[in-house]
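Assemble the complex: chain A is given as a structure, and chain B with the ligands must be docked to it using the hints.
Protein chains: 2
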Amino acid sequence: MSSVDRQLDDLHETITSELPADITVSDVKYEGPELVVYTRDPKKFARQGDLIRQLASKLRKRITVRPDPDALERPRDAREKVMNVIPDEAGVTDLDFHEDTGEVVIEAEKPGMVIGRHGSTLRDITKEVGWTPEVVRTPPIESSTVSNVRNFLKQERDERRDILERVGRQIHREEMSDDEYVRITTLGCCREVGRAAFILSTPETRILIDCGDKPGAEGEVPYLQVPEALGAGAQNLDAVVLTHAHLDHSALIPILFKYGYDGPIYTTEPTRDLMGLLQLDYLDVAAKEGRAPPYDSEQVREAIKHTIPLEYGDVTDIAPDVKLTMHNAGHILGSAVTHFHIGDGLYNVAFSGDIHYDDTRLFNGAVNDFPRVETLVMESTYGGRNDYQTDQDDAEKRLKEVINDTYDRGGKVLIPAFAVGRSQEMMLVLEEAMRSGDIPEMPVHLDGMIWEATAIHTTYPEYLRDDLRDRIFHEDKNPFLADQFNHIDAGEDERQEIADGGPCIILTTSGMVTGGPIMSWLRHLASEEESTLTFVGYQAQGTLGRRLQSGWDEVPINDGESGRASKINLKMDVETVDGFSGHADRQGLMNFVKTMNPRPEKVLCVHGDESSTQDLSSALYHEHNIRTFAPKNLETFRFL
Amino acid sequence: MSSVDRQLDDLHETITSELPADITVSDVKYEGPELVVYTRDPKKFARQGDLIRQLASKLRKRITVRPDPDALERPRDAREKVMNVIPDEAGVTDLDFHEDTGEVVIEAEKPGMVIGRHGSTLRDITKEVGWTPEVVRTPPIESSTVSNVRNFLKQERDERRDILERVGRQIHREEMSDDEYVRITTLGCCREVGRAAFILSTPETRILIDCGDKPGAEGEVPYLQVPEALGAGAQNLDAVVLTHAHLDHSALIPILFKYGYDGPIYTTEPTRDLMGLLQLDYLDVAAKEGRAPPYDSEQVREAIKHTIPLEYGDVTDIAPDVKLTMHNAGHILGSAVTHFHIGDGLYNVAFSGDIHYDDTRLFNGAVNDFPRVETLVMESTYGGRNDYQTDQDDAEKRLKEVINDTYDRGGKVLIPAFAVGRSQEMMLVLEEAMRSGDIPEMPVHLDGMIWEATAIHTTYPEYLRDDLRDRIFHEDKNPFLADQFNHIDAGEDERQEIADGGPCIILTTSGMVTGGPIMSWLRHLASEEESTLTFVGYQAQGTLGRRLQSGWDEVPINDGESGRASKINLKMDVETVDGFSGHADRQGLMNFVKTMNPRPEKVLCVHGDESSTQDLSSALYHEHNIRTFAPKNLETFRFL
Ligand SMILES: [Zn+2]
Ligand SMILES: [Zn+2]
Ligand SMILES: [Zn+2]
Ligand SMILES: [Zn+2]
Ligand SMILES: [Zn+2]
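Protein chains in written order, with this note's numbering: chain A, 1 to 640; chain B, 1 to 640.
Pulled out of the complex, with its shape left as it was, chain A reads as follows (with noise of 0.2 angstroms):
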């Protein structure tokens, strides 16, 4: 008998001798970190208000109870009775009964309705029928990108039990060795920004913490090939955990699948989501680019089916000596600072991910506040020197100032920006703006993925920051419904329409002129002297964006008919406004570690080029006489 399955049988006595007698436990399994408990008397489990929690805290546990399969009421039986337990304003959309598991799926427009006060309404429906309700939310915005998971994941769902399964007897293994250390491997993003990629290891984990590209250095990619990372096969990660979408975080976690990696990927749903539709994204440039692409949209699919989604301040068994907690990171949508908790109160790593320390519109500041940490590995993207960024007031102010002269010019304000944060930023300043009368009201179209990624957006308010979240939650004034929004979904004669329709805002990928619905835009508007191009991001080194924004006038145009390449001259006002950053500044970052409780005791500066990574360490260590590094890639730090 492996040691997982005496664990089990010991778990098993022990929840069976604290369950009231009439209470029966028909099975008790891993499925992932969750213990799930299979009982024949799953209503009177519901009945006892308090008996889930009380055996997690007891077990330190997090536990699920399931009706064994034999002690299910039929679906076509128990469907109205859930219905009827279910307020109408929930607005329930669809009910899905899984047999296999004694699970339904209720997805509803206000989640919060179908769970009750403290889970009272979840409870009634257990104590009416015996099924185990598990509820999501119906996007108040079509989203084919959540669609496509949740149908993807509907249909996959005897395999994706099978690896739950597999991961959770990995998870509670024995532990086997008596060694103790803690190591942390660089494998890219060191004195660059672009392939994230680290590795944190124990003498009985290992654990790959990103996986990204570098944006505009194709082929460099992070060093995985290396002994210390997959040399030894992918086989031997223990975990994947991902901070957030972005590709140079993200773009090569599907690869692993291909390197026979068969393991959990740990991240937030939103996470999840826009992961896959940024990496189905990549395929299809480096497709368009004539490039191979790494891997193709199967792996794509396998990284979704092995992804294992956390909530923030979820704290998880990952491995026997590891517990992961994600906390929002305030960079976009799902953003996390992963804290890693190792051996029983042995050692506390945090890896900053992306980081935004202020509150923006979209999202609170960056969580810095820990029960522990002794090592921060911190990006460093704007640590430098001189790196402070216009305060956001300044910066909005200076946005209405441009479109307000290009409305007075009878112009339109072209705005090329990333899909994921950016964009909806932009979307809530220009909603506020509008309503309270600072610029005029006129459409604002939204062209190429950035529609969809605002559909995501407002599919799980729960991470947006507090005060929106209420809006959309509690007052249906979701902002991204506002009636100003244009989803461009007819292409080119759309395209062609607008462009000879009065003053309007266009908010287009790609984010740095690169490709993408952004050059049908300059061929139409290239010539509009009363027209605006205004850059709201950063413009990388190389980049089409860099040259117009800093006075070049030509852009080439790719005639889709003919396939010949000619240019034509721009001749709009070319504006830059700074201080929309989804990327804490010099003095964002200062403040994240001198604000942050506790004060590590060492910090890694990563996620930044060579100047900005030593300056900000330089920095740390002189105010605040932390131990500070500027890591190089593929080096090996071992703490302890």
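Honestly, the hints are just simulated from the structure, not real lab data. Be aware that a few hints might be false.
Any copy, or any two copies together, can satisfy a pair, since identical chains are not distinguished.
Listed below are the simulated DSBU-like cross-link pairs for lysine-lysine, each with C-alpha atoms no more than 30 angstroms apart in a straight line [what the hints assert, rightly or not]:
1) K632 with K323
2) K44 with K127
3) K602 with K43
4) K43 with K214
5) K632 with K594
6) K567 with K397
Frame of chain A; chain B with the ligands shown alone:
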């Protein structure tokens, strides 16, 4: 056709075109780092004195010429002709003809006379018979180790040639990576003394430097199992380099062959022999102490078979992007500072191994003059703030006092000493002291492995201090052959007789009184108040030597016959004579770096306890403004 075959074809062509038309080249092969040129005209080749040197410098390769087997004179005809060429005074003791390679191995008491001025006699031999001569020294003192190694290698010639050919092709393989980095991974010996093991890696090549055990801490072995070491398989190592034979550097080399390693070990010839001796003793001790040995003698033989001996100063290709040069380290016979030249002028790393900076009686001081060195990995055994040693003159004076006092009382001097290094140094001190009349003539008995280790020293006089070597070479005044030295080879009876006799000196293992014949000597001499137990080397914490040194007066005795354990009272005088050490002291370590040419940019201080490595690291930083580190085990440093 593989790239190596293409390379060899090109070389074949170039060599043919460089040679006079009447010399034909029948084949060109790599054997280890050497390029072997087979010719049907060996005699003509030999007649053109400088041809090989010219070819070598043109091709930048080490070149060996061998006769095509078809072109060979028969051994029975050749034997007499060879003997006629060599002067009688050379003292040839064996001629061994190898028809497979056309080599004749000549064992002689005076190899120099077989070689002749600038190799003239060797060339004469080839001119006469066509065979390629190779010369080895007849050990002046019979050494079973040396003759066992030589016989074993003779037996295994075929397999050894296969190994060399495979290694040769591996060394000269095409470089695959266009990435550039140099890394050092610490697998042991950091903030501790023992289990030396480092990996030097480039994108192309992975080299293991040393693989020792930790004396007094069985089971604390180098971290070979981590992914960056052997995790991806031992076959992923390209080469093993051994700095010297001490077990804290060599003990676990044979285990690599158990793990599937099948590549070369680069070290000096004396280190190869001493390594074999010490490893077999290591297995013996493990067996006696009832521990399961980590490998058996079969793997020790594998290690010897895979050794490619290098001479000090030879610049040797050991990988497509790495050249290795070994230099005298002054520590023990054959010990080397190993210098790695990486890429074509890309980077240079030196590993000090264990060093002695000043000259000793046995060895010249460590070499610290290199074409280039950017990073030095340096031992720190006596790197602590206060680790200054008595100087050698004072130490010798004190030793002579102890001997004279004991002699005057009619007692015996019992000196526990390490077989390799310290014992031979003692022998030289004693021989000179008697010759110059500083102490009376009396027998010096050598027990345990000391005699055998001494025999190995006399086999390799080229590795000894220059004036000592000259005495052995030119004057036949080999001090190790002095009459007073007596090899204890008749066991307990002989010891009893000596114990019953008059004043004498006894040098015996083990050096820290942890076992071996010293235990028997203590039983014989413990009660003699007139005799002296004299410590001349470091006694580690926890050893019986340390306890006796600090005043303990009970010696546990295991009565061989009855098997009963008992104790006897130590009545002997106990003296400690400091100042004999194979290691540089704090001053020596500082001087090694201070006078090093060129000064390294970075120094990693290893092979010392935590405070020694940190003290030395901080002193080097403050005095020379070098970037210094006191690494932990399991870290990886990247240079470049
Ligand atoms: Zn279903
Ligand atoms: Zn990001
Ligand atoms: Zn990033
Ligand atoms: Zn040594
Ligand atoms: Zn050593």
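Which hint numbers does the structure go against, in order from smallest to largest? Per hint list: 3, 4 and 6 violated.
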